[in-house]
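J.: Each chain is listed here by its residues.
4 protein chains.
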Amino acid sequence: MSTICRIAVLGASGYTGAELVRLLYLHPNVKIVALTADRKAGSTMAETFPQFIGLELPPLVAIAELDWSGIDLVFCALPHATTQEVLKTVPAHVRIVDLSADFRLSDPAAYAYWYGHEHHALALQAEAVYGITEFARDAIAKARLVANPGCYTTCGQLPVVPLLEAGAIDPDEIVIDAKSGVTGAGRSLREANLYCEVTDGFHAYGVGHHRHMAELEQGFSAAAGRPVIPAFTPHLVPMSRGIFSTIYLKPTEGHDAKSLHDIIARRFAGEYFVKVLTFGSHPQTRHVKGTNFTFIGVSNDRRPGRAIVTAVLDNLVKGASGQAVQNMNCMLGLPEQTALEQLALFP
Amino acid sequence: MSTICRIAVLGASGYTGAELVRLLYLHPNVKIVALTADRKAGSTMAETFPQFIGLELPPLVAIAELDWSGIDLVFCALPHATTQEVLKTVPAHVRIVDLSADFRLSDPAAYAYWYGHEHHALALQAEAVYGITEFARDAIAKARLVANPGCYTTCGQLPVVPLLEAGAIDPDEIVIDAKSGVTGAGRSLREANLYCEVTDGFHAYGVGHHRHMAELEQGFSAAAGRPVIPAFTPHLVPMSRGIFSTIYLKPTEGHDAKSLHDIIARRFAGEYFVKVLTFGSHPQTRHVKGTNFTFIGVSNDRRPGRAIVTAVLDNLVKGASGQAVQNMNCMLGLPEQTALEQLALFP
Amino acid sequence: MSTICRIAVLGASGYTGAELVRLLYLHPNVKIVALTADRKAGSTMAETFPQFIGLELPPLVAIAELDWSGIDLVFCALPHATTQEVLKTVPAHVRIVDLSADFRLSDPAAYAYWYGHEHHALALQAEAVYGITEFARDAIAKARLVANPGCYTTCGQLPVVPLLEAGAIDPDEIVIDAKSGVTGAGRSLREANLYCEVTDGFHAYGVGHHRHMAELEQGFSAAAGRPVIPAFTPHLVPMSRGIFSTIYLKPTEGHDAKSLHDIIARRFAGEYFVKVLTFGSHPQTRHVKGTNFTFIGVSNDRRPGRAIVTAVLDNLVKGASGQAVQNMNCMLGLPEQTALEQLALFP
Amino acid sequence: MSTICRIAVLGASGYTGAELVRLLYLHPNVKIVALTADRKAGSTMAETFPQFIGLELPPLVAIAELDWSGIDLVFCALPHATTQEVLKTVPAHVRIVDLSADFRLSDPAAYAYWYGHEHHALALQAEAVYGITEFARDAIAKARLVANPGCYTTCGQLPVVPLLEAGAIDPDEIVIDAKSGVTGAGRSLREANLYCEVTDGFHAYGVGHHRHMAELEQGFSAAAGRPVIPAFTPHLVPMSRGIFSTIYLKPTEGHDAKSLHDIIARRFAGEYFVKVLTFGSHPQTRHVKGTNFTFIGVSNDRRPGRAIVTAVLDNLVKGASGQAVQNMNCMLGLPEQTALEQLALFP
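Chains as they are written, first to last, in the numbering used here: chain A, 37 to 383; chain B, 37 to 383; chain C, 37 to 383; chain D, 37 to 383.
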């Protein structure tokens, strides 16, 4: 692409908004021309995130003030629910990557069940492409609206979907025990997100009922060709970034942990952002921190005939803003890794 | 008990040793009369752990220097393997609470399989009582040698053993996804224990093969009356103390998550140190930090007919030194909670 | 004291409130008979702080619902400013330990300068005793209202006041570089207190202007017998508890670092809660975590003729609720260490 | 430069070595052709630092195995002392950026005083250029051997040297209270670096005597034109990366905090990597994490006639490997920011 794509970021004062700025500012093919943050309109990005002091960035404005005529593509990092109302008003020439959960579920009834109200933008929902890049890049390339997947669900679907598609595991025996860093909760002011409530301890939340289940069930059911309900338990780790999924699986007749490893390794053999470790090795979240990579490991379970799969990603990058940029690259016909080649910040 | 029990702590320079001193120093019925630390012999406990500055404590000496005649009961917090050689030499009048793994497995063949060599103190092993206090207090009261259980296994056995005994869960469908703080690794100098290797990240270790499995299998098999192998995966959390177990279970015909909750609640109704939360509530490790308590929660899984149980404890207290003191109290005929009534240090 | 003192805690849902409950629940001479938390009235302490599940504690009520006739002594852990209005209404038979800053400054003009408004309870202010226990225990014993000192100021005054009283340091050359854990900011919902804003980083705040300066200046000026203004910079450390003060001093003619050490050591020779390390040794916050102790160290500065003093305490204990209980013990004629003998929780 | 510079990294298995690889791997003008790690020779970089899995990197070899003929420039990240012996053997055609302390002190007597032995490579020492890039870029451009400065000293010299050169502060009244993340201690196996010894607490070390003082005194004395000894106290913060310096200064006649701010701002007006905040604003370490930036703030002290300056940098980047790459860019005639433009990873 020879021209520069003009970018707006809605909801720039949140963590995924800041992460988009971090990644897009150095992207050679785009220019950030608008940043919105309704409650902080009138201030600068550097006041909200001082790491950006001295950069050439547009001021924070209210969404209503946007001049859409100068915008080619918008990243929407708004809270769930408000997103629907806002995106309905975006002019047709503007392509959209939405980081909220509002357009991830294709079934309006599923949306209504999990979110407690009818969807307010059904027409848009119908055209949205669910965007795990590795699984849907052709559709993403042509999409006007990409629903960027959730962090937990990306970390669960990348390793499991290929196994379900291959018929290599029992769809009724999937346990995903997931652990997330605290940025997953965003920058919202809730007591549960205070430093002293999170540090030096560990807990589960949403046990038996968490909205990300809907997305997992949608992806797994599509892959298996029949309804699939996995066990899924999210936990909060005292760390800023990272998701770790420990996945307990029951290979089907003729399969074992080793063959599951082979299926996953073959499925991602050509992928830049997915690395499958040698059999029996397992990743750490810190090895992908700040990057768009997903690392996957597979082992035998000690229980005969079972397997354990682990996967890690950075919830703000491959789990949110990085995959959003990867999807944008895909939409613009750019190499997917453009501006996403940073190596992990460890230690 | 009217007289004071004279206590020695072997291996006082490690974390479980320090924790024993923290708990025993204020115990009204005992007096610490000897502390050993072979590599630090000649120095003081306050030099090794400055929080003890100003306390009246015996100097650190080598084990060989001990005068056993003045000792009634010894806590052994030595590394695995060396323990066997040392404990063989303890005179018969001295009762023993051993915090190592050396005497936890009652089957010599199982010991040899998991530890790679024959047991060197088979006679002692034969008389050792495996000491989850709530499950074995009568035997503990009379024991000369109590094998104090592991942290992971205490946190797994307390909630699951009652369910296996009641026949309420399928023994072949137990998944224990366990997460531990870093004190579980002790004070040993390994790269994996360095601050920068642990902080701000998360990982699994020993996937598919970890020595604590042997202890879990022993306890579960005894409870079920037949061999049981659970899935068990330990993970390292960037926190000092605490174990969190997320346990996925399949209730048997006639049972569901609610009835599992009832069984557990009834089993621990009279117990001071085990608290079962209301159905659907789940604990945090921070709520038991520094205490000898175990908190247990039970929920429905979203998968029909399955249940999720969570449990937390402080690995240095109920998972090691606290249960050791509880066992000592039991051996001495004292109220079990003596010197163990502290409330959690949170925040 | 043969009777039990009946205690109310106002503001029990904050961190200092919870810490008071932790310490008082096991105190042999008191009973908590009332807990207030206006916004959480109607719920239980265990709902707000699950570590208290199963304890016998009164429900959380609004202050207006209190029956003062059954209360002998009240701990007030309310936010600054509201405290004045509330304490004016406390009946005369109830003694008060106030943990806010509202009654710490004895000069109404100083209060008005630092807090931006006239004091609303001048009569009470006039009778309040400023309560660093080690410096004022006779007055505290007789006081009706004790103004419990701030955390930073306790950690600054304990080592420096004896030196000013002795004329051993230049009052114009005092630099206190102070570092605090995050509990110092309480449980209030501010963006700056979110986990992700605090972890894995370090910063100063209130540089050149912080309200605790007023308290330091008051204490130092009284000790020196003339106005003293120290440099004081607070910083936020990614830890829950602890204050560390690094203090740069200029000994007066005839004094050096060693003689400063001697003065401090002599001053606290008989004190249970203040420990002065050997010359050249320095403390860590973790060695006093969860305790009411203060540790102090003294070294030569490399600059000729200068000295460096360090001091640590737990801001929630000696810096707040622990000193409040120490003061209560003093007011009730009990041994000061009653219910405050716990050893540090380390690691 | 049209050709590719061939790079070796000595000591690649340490943290500064890994950081060099992170920065150099994506550098368009260099190629890493050799990595050494004597104790891990024979293994791969990805085995030592799994974040590098899948990258094209040479294997880890012993230094003795190096073929220097194919190397143009070497980064030496070896421990202090061994460095001298190794660098003496480097062929003359190879340029050197040394990250150890071995060549930082130009006075052999000062080296002998602080390190306890004579320098073993005096000829090399005589030609070494001390490399704070902003202060010495002309000499660096021509140097064969650049002594890369220490992290603490870079963070102290950047803000203070311009003030000393301007005669704007009293050289006898400099207090630098410095705080560092744990990566500053490297990956060495010392008890003090274990997670449980560092997390959730704070302490000072090397009080009154720390080797970085020598470097500060050298730089400050040169800037002032007479001997200068500052107070300098290093502290350890429970975080991985970052240095925060709080600097207490006494402006000379005719100067005040505001004029100090002006001097610093003017001095760094054209610098890419040094950002001076608006007067009264102060930086956080997290705002430069992973970057080569230094942020500086200046305020009035509450003490009349005094000033407080703060400065932050990432000790592994501007404090070590980043400044090393900046110096290499300078030596190669490349734009200094090449491969160093990443924005901070926050949150």
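Hint data in this document are derived by calculation from the structure and do not stem from the laboratory. Check before you lean on any hint, since a few could be wrong.
No distinction is drawn between identical chains; accordingly, a pair holds when it is met within one copy or between any pair of copies.
[What the hints assert, rightly or not] Only pairs whose alpha carbons sit at most 27 Å apart, straight line, appear in this in silico DSSO-like list of lysine-lysine:
1. 124 <-> 178
2. 286 <-> 67
3. 178 <-> 76
4. 178 <-> 67
5. 67 <-> 311
6. 311 <-> 76
7. 286 <-> 124
8. 294 <-> 178
J.: Could you check the structure against the hints above and give me the numbers of any it violates, in ascending order?
T.: 2, 3, 7, 8
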